[in-house]
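Chemist: Sequence:
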Amino acid sequence: MGQLDGKAAIVTGSSRGIGAEVAKLLAGAGAAVVVNYRQKAPRANKVVAGIEAAGGRAVAVGADLTSPEGPAALVDAAREAFGGVDILVLNASGGMETGLGEDYALKLNRDAQVNMLTAAAEAMKPGSRVVFVTSHQAHFINTVPTMPEYEPVARSKRAGEDALRAMVPALEEKGISLVVVSGDMIEGTVTATLLDRANPGAIEARREEAGRLYSVEEFAAEVARMVMADVPTGHTEYIGGQDYLSA
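No gaps in the numbering here: position 109 of the sequence shown is 108 in numbering that gives the first Met the number 0, and each next residue is one more.
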């Protein structure tokens, strides 16, 4: 029996990277998982196939969280396939991409997070858990400067975190807890690659400052752990980047 047997989870942005690993870990603990993708269906289907091959349950659902219908599509899929939503991992983020508009970072990292949680909360029962995934570069942006290339994204993610935290009292009334997981730069993510492209040597410099950076698999394990952790609502779990914590 897994710790999450009988639970249903939505993991946003889970066709690759951290989200995909989190989806696999939750499925391994017994949860049925909605694997979300925006455009790359084959990648999401591969994640689902891997979960099913290991004896788990999952469905791939295409949904753009910045669209009006995106969040509802994920919740509807969870209800239809698994009977509801017990776990929501808000992993999808972005803003380093080009060609998506100047306000895309804020639309995805703040507005879409709020809309996704609002939609999911309608289907969540008492005892449900929401995990918001962010970075130290965003979480500490008001006190610790970050790279100029990343600052707009960092500020939009901090705005998203603040907006979600403002929802905590209403969530508490429904018995839903919110936990934030903040990590240092993660080796091998799309964001790290784009940052290093915009600012060559940025990842190596951060690795030297921090001592080491977590891998995608290591960080995903921490996110999955906080889905099941006995911590109070509003808790922030810090992963790596001890220099941020001391500052």
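Keep in mind that the hints are not guaranteed to be accurate.
To be verified - The calculated lysine-lysine pairs, modelled on DSS-like cross-linking and capped at a C-alpha distance of 30 angstroms, are: (1) LYS106 with LYS173; (2) LYS39 with LYS106; (3) LYS124 with LYS106; (4) LYS106 with LYS45; (5) LYS124 with LYS173.
Read the hints as simulated data drawn from the structure, not as lab findings.
Chemist: Among all the numbered hints in the text so far, which are the ones the structure does not match?
Modeler: The structure conflicts with no hint, since it agrees with every one listed earlier.
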